[in-house]
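One line per chain: the protein sequences are A and B, in this order. FYI, in UniProt numbering the residues of the first sequence are 1 to 735. FYI, in UniProt numbering the residues of the second sequence are 1 to 477.
Check the hints yourself; a few may be wrong.
What the hints assert, rightly or not - Straight-line distance between alpha carbons at most 25 Å, and here's what the computed DSS-like set of lysine-lysine pairs gives:
1. A/662 - B/230
2. A/722 - A/618
3. A/212 - B/190
4. A/569 - B/38
5. A/662 - B/398
Stated by the list, open to error - Covered stretches of chain B, going by a simulated chain A footprint (3 or more residues, C-beta under 8 Å):
6. 47-55
7. 190-198
Said to hold, decoys possible - Coverage of chain A stretches by chain B, computed from C-beta distances (three or more under 8 Å per stretch; other residues unrestricted):
8. 180-192
9. 229-239
Honestly, the hints are just simulated from the structure, not real lab data. Every residue gets a Cβ at the ideal spot worked out from N, C-alpha and C, and that includes glycine.
As a plain string of letters, each chain reads:
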Amino acid sequence: MAQKKGGKTAASDDPEELARTPLQAVLLADTFNLKFRPITLERPKVLLPLVNTPMIDYTLAWLESVGVEEVFLFCCAHAEQVKEYIGNSHWGQSHAGFSITTIESNFSMSAGDALRFIEGKNVIRGDFILITGDTISNMSLTEALQAHKDRRKKDPDTVMTMFVKRSKPMPLTHQTRLGNDEIMMAIDPETKQLLYYEDRFDSSKRAVTLDKSLLADNASLYLRTDLEDCCIDICSPEVLTIFLDNFDYQHLRRHFVKGLLHDDIMGKKIYTHEIDSSYTARVDNYRSYDTISKDIIQRWSFPLVPDVLYAGNRAQMRLQREGIYKAPDVTLSPSVRIGAFTAIGSGTIIGENSSVSNSVIGELCTIGRNVSIDGCYIWDSVTIEDGCRLSHSIVCDGVHLHTGATLEPGVILSFKVEVGQNITVPAYSKVSLLPQPSKQDSDEELEYADTNSGVIDSPSIASISPANIEHDHVSSFDTEQSVLLEGGLSGVGYIWTSCETGNEEEWRYSVAPIPVEKLKEFYAKMFDEDESSSDGEQTGITHSGELISESKSTDFDDSDGEYKGDVSKFEKEVEETFERALGGVAEENVQLEINSLRMSFNVTHAECAGAVFQSVIKSAIIASNSSKSNLLKATIDAIERSKGLLSYFITNVDEEIEVILKFEEMCMEITREFAPIFSSVLHQLYDKEVITEDAILKWESEKADADESDKVFVKQSEAFLKWLKEAPEEDDEDE
Amino acid sequence: MDPPMDFQVVVLAGGTSDKLSPLVSKELPKALLPVANKPLLSYPLELLEASNLKNIIVVVEGDEAATQVESWLSVAYMDRLNVEVVKTPGDVGTVGAIRAVAPFLISTDILIVSGDLVSDISPGAIAATHRRHGAAVTALFCPAPVSGGADSSTSGGKDKAKKPSRCNIVGLDPTRQFLLHVVSGAKVEKDIHIQKRIVRAVGQMEIRSDFMDAHVYAFKRTVLLDVLEKENLYSIKQDVLPYLVRTQLRSEISAKKENSADESSNGATKELPSEDININSAVPSNQNLRWLSQHREIAPSSYQDIHISDCDKNKSRLAKKTHKCCIYLSGKTQYCARLNSVQAFGDINRDMLGEASRITGYTFSAQNNVVHPTVVQGAKTTAGGQCIIAEGTILGDKCSVKRSVIGRHCRIGSNVKIVNSIVMNHITIEDNCTIQGSVISSNVQIQERASLKDCQVSAGYVITAGSEYKSEPLTKR
């Protein structure tokens with residue numbers, strides 16, 4: 001590594017030498033996720049056809065067009081298939097515009113592993129382009145590459161330029177048209193430096209929090225949700241070293257980008273480059289597969305379009321009117337209706353009275369009579385018998401649909417599946433000949449989880465003989481997960497239960513359009529959110545979690561504001577600790593934990609007591625269903641339960657007063673539901689000996705000359721206070 | 001002249017602000033503090049008059065102050081403006097002041113102007129912007145003074161107090177017409193929390209920390225009155241405006257009132273904050289259309305617009321739940337300052353002599369100064385550039401006045417140097433005094449050989465012969 005670094009600095013010092021470094025690209029031919037399961041069990045994603053051409057061809061064609069001289073193709077899952085494809089294609093030949101080197105690793109689980117592996121190979125000498133093999137683009141790189149180099153000359157800490165493009169997410173689903181989730185980015189308007197990155201739309205958080213230091217350094221910044229990450233980066237060689245140093249970085253965005261943004265020690269900087277007119281998109285899920293296919297047919301990706309792309313030894317498709325592409329040797333019966341924006345591959349035969357629209361049909365397919373196909377992606381050598389209806393589905397190679405079969409929207413039929421006569425495959429089903437791997441990882445890890453396990457589990461398609469399959473499907477009928485396609489005489493395949501997101505989320509990334517009902521549902525939900533959030537508003541918590549009014553504090557007490565912030569942070573921590581405590585942590589440990597929190601936040605004992613009390617009260621809210629009697633009962637329970645804890649932290653009168661004040665403040669602002677039962681709770685606290693009489697009386701006298709509005713609770717507790725004042729005398733008398 | 005707009009103006013003239021001590025007193029409320037020899041309040045009033053905004057309510061804190069202001073107004077603006085003075089008790093905040101005048105507010109829109117605004121930004125333009133957008137609130141923001149490098153501070157010759165340059169944090173839409181986020185006061189120094197919903201609605205929010213709230217707001221009256229009903233509000237800047245901005249997409253302002261009051265707004269969609277801040281932007285706005293037409297419109301792939309029609313019936317329900325918050329950004333060349341500290345008092349007075357002299361309305365002579373014809377100057381006395389000397393002032397021999405304002409009927413002895421200072425009315429300065437960078441209130445007597453540097457002297461103070469003061473406020477016991 002040291003030697004490499006030396007080489008690099010020399011290169012960046014000398015612009016001429018920099019110019020001589022050939023432009024290199026790292027092409028990841030594995031996406032390390034399971035979004036294209038079950039198809040990817042049998043074929044790597046980069047070889048899946050996109051308008052009858054494997055995706056990787058688009059990527060390689062673009063790399064060639066932007067003048068990349070060396071491509072390092074990283075293969076992991078199905079490495080042999082990728083290598084074989086590249087070897088047989090023209091890319092492997094000497095007349096290709098660049099040299100292509102395959103790097104194979106069977107142990108990489110993530111992009112991070114892949115880059116660490118490549119770092120180990122010691123092949124990257126200068127700035128390189130990092131791209132995945134499922135990216136379609138026709139943009140020019142010159143400008144961005146130059147900008148990146150200029151920035152690096154000025155500031156060696158520049159490590160990456162990310163390409164972004166404008167794409168406003170749909171307001172209802174927060175998805176872009178490619179089906180990607182909304183990203184929130186903060187970008188410096190002048191330098192285009194990336195300052196903040198938040199992916200994976202998180203509905204639970206309503207506000208985005210920007211660190212104050214961001215604005216201290218920049219007078220202005222743009223906060224954008226209308227950008228889409230193109231997943232093409234120009235990286236400096238340091239990127240590899242950073243991955244090596246941070247061996248826990250797996251995901252390019254979630255770990256690497258966020259890691260660098262949060263790390264102020266290394267000071268590495270990431271910039272963005274917004275592309276406007278050219279086309280860039282990545283096939284990340286079924287929805288983007290659908291969208292991008294349509295874009296290609298509509299020629300947004302020109303010159304990467306079916307009639308221009310190098311077809312090798314296949315017959316070149318020709319563009320006809322209405323965006324219809326046909327290979328020359330297609331056999332269509334005269335009564336076939338071909339709708340606009342359709343591509344039909346060579347050797348395909350379509351029978352009488354069938355109709356095809358908005359679809360892509362591969363090579364050597366046989367389609368019978370009276371078949372209707374709408375919005376489907378039918379790959380090669382598919383047989384569709386008479387009277388089938390298909391809509392918005394993906395049908396892989398070798399599938400056989402028997403007479404009268406129906407595919408509802410969103411269906412994925414993996415390789416060689418058979419659907420029996422008159423069977424309807426329900427919407428969003430995924431059917432494969434291979435059983436669903438029973439071991440599923442939790443959602444969280446899926447992104448970079450063991451893709452390999454799938455690879456290892458699944459034998460190559462060739463090794464399963466038809467007889468085997470017949471057998472298989474009878475024998476492994478037992479699992480809940482895999483239900484055999486039933487009813488048909490000749491149905492073959494397992495229906496996968498949706499593993500990743502659960503059925504209700506299936507529509508989100510499907511090839512089929514989002515159902516109207518879903519959108520309606522979202523629309524209604526948005527209103528509910530509105531209602532509920534306005535409720536939240538009324539109880540005094542704003543979206544930012546701050547109280548509505550803090551304004552009596554004028555300019556002088558900035559420092560006080562800062563300090564308050566710490567206290568509120570502290571309170572939050574205490575609350576979390578307390579919640580954990582409810583889960584059964586021993587009381588001493590909780591005491592210990594809160595004490596250490598108190599010290600680390602440097603808050604007073606009184607504040608600490610207040611915070612603990614607040615947590616207790618909040619736990620009561622959660623326990624109750626917010627009705628008044630329930631609430632009182634829940635509060636009494638909560639106080640009883642945490643009596644030990646409270647008495648540990650509330651030791652003297654000052655702290656007791658702080659607790660009362662805190663409670664008062666809560667009643668007025670955060671938890672107004674307590675307001676009506678203030679005096680009852682106070683009484684309880686007294687009864688449970690959490691708070692002494694002294695404290696209550698002191699509190700009253702402190703409040704004596706407060707504003708009328710502040711005295712609400714004193715008034716409410718008047719009876720109790722009176723009783724308190726009279727009672728002790730009686731006590732004394734009794735004794 | 002333009003026909004008068006249906007705008008009522010509330011000028012918040014304040015009372016006797018602590019921040020301006022020792023310059024203000026019961027006899028001299030903040031509103032009447034002379035700036036370039038004119039009462040401070042005359043600046044916003046002149047500005048309003050120039051925009052033909054003549055229905056003005058001046059809110060003054062405290063009884064004496066109110067009486068003072070009222071008597072001055074009745075003389076100065078009797079036949080020019082329709083001014084009413086309303087007094088409030090001290091320390092009620094700007095919201096309290098507005099509450100006090102709420103019964104008098106009758107016009108559709110209310111313009112609230114801070115009485116300490118010295119500016120040449122036309123309030124008419126703000127009012128027009130407000131009307132054009134049919135906004136619930138429109139606020140004036142101006143570029144914050146750059147701490148350090150500004151020419152006003154260099155001429156001051158002393159270090160400008162290290163003002164935090166982050167006066168406010170504002171979020172703007174890409175067209176810079178709408179206010180999407182605002183943070184002010186103490187919260188500025190904390191991490192900022194921005195509602196995703198609002199960012200989403202625009203797609204792109206520009207966040208800036210170099211704009212300053214100039215305390216000029218145009219409110220829809222119904223909105224203002226609605227907000228005033230809420231508790232816990234104290235300041236317009238720190239509570240009301242942030243509240244309205246925060247809730248702009250889920251307005252709690254009663255829509256019923258608004259609709260009846262605002263008949264001019266036609267159609268539900270027009271009421272939405274902007275084409276872009278449209279929750280319904282499933283209906284692609286024009287701007288989006290430009291981007292998406294090629295994709296979504298021509299070939300509805302996975303996106304469809306069927307649902308739009310279904311949503312239409314809900315639209316009216318939704319439309320009522322939003323309101324617009326607009327922003328008026330002043331140009332870089334326009335002057336805008338608030339006189340809210342002793343420091344600002346000095347700065348603004350100097351600016352009046354220099355870069356912003358056009359606001360004063362004086363004609364500067366060839367020597368770049370304004371010396372009233374009745375001023376008597378002794379032998380070898382020079383009034384340098386950037387000076388204003390008002391009527392009836394008498395200067396002795398060998399005096400030198402530079403970059404200073406001298407009020408009416410002052411008697412200044414011989415060999416007195418006045419540099420970078422503000423000398424108010426009826427002041428006696430005896431021989432051989434040196435006054436630098438100071439503010440001398442009315443009726444002060446400065447005995448011979450006194451030397452003042454960076455001092456503020458309260459009214460009626462007597463500085464004994466030969467004394468020297470540096471950087472001190474001098475107040476009468």
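Status of the hints after comparison with the structure:
1. Between the alpha carbons of residue 662 of chain A and residue 230 of chain B the distance comes to roughly 23 Å, so the proposed pair stays at or under 25 Å and holds.
2. Taking the CA atoms of residue 722 of chain A and residue 618 of chain A, the gap is about 28 Å. The hint is violated against a cut of 25 Å.
3. Restraint check for residue 212 of chain A and residue 190 of chain B: the C-alpha separation of about 6 Å stays at or below 25 Å, so the hint holds.
4. Taking the CA atoms of residue 569 of chain A and residue 38 of chain B, the gap is near 50 Å; set against the 25 Å cutoff, the hint is violated.
5. For the hint linking residue 662 of chain A to residue 398 of chain B, the alpha-carbon distance of about 68 Å lies beyond 25 Å, and the restraint is violated.
6. Residues of the stretch 47-55 of chain B lying with their CB closer than 8 Å to a CB of chain A number 0, which falls below the three-residue condition for coverage.
7. Residue count for the stretch 190-198 of chain B with a Cβ under 8 Å from a Cβ of chain A: 8. That meets the three needed, and the coverage hint holds.
8. Given as covered by chain B, the stretch 180-192 of chain A passes the check, having 4 residues with a CB less than 8 Å from a CB of that chain where 3 are the minimum.
9. With 0 residues carrying a beta carbon less than 8 Å from a beta carbon of chain B, the stretch 229-239 of chain A misses the three-residue requirement, and the given coverage is violated.
Hint compliance for this structure: hints 2, 4, 5, 6, 9 are not met, and every other hint is.
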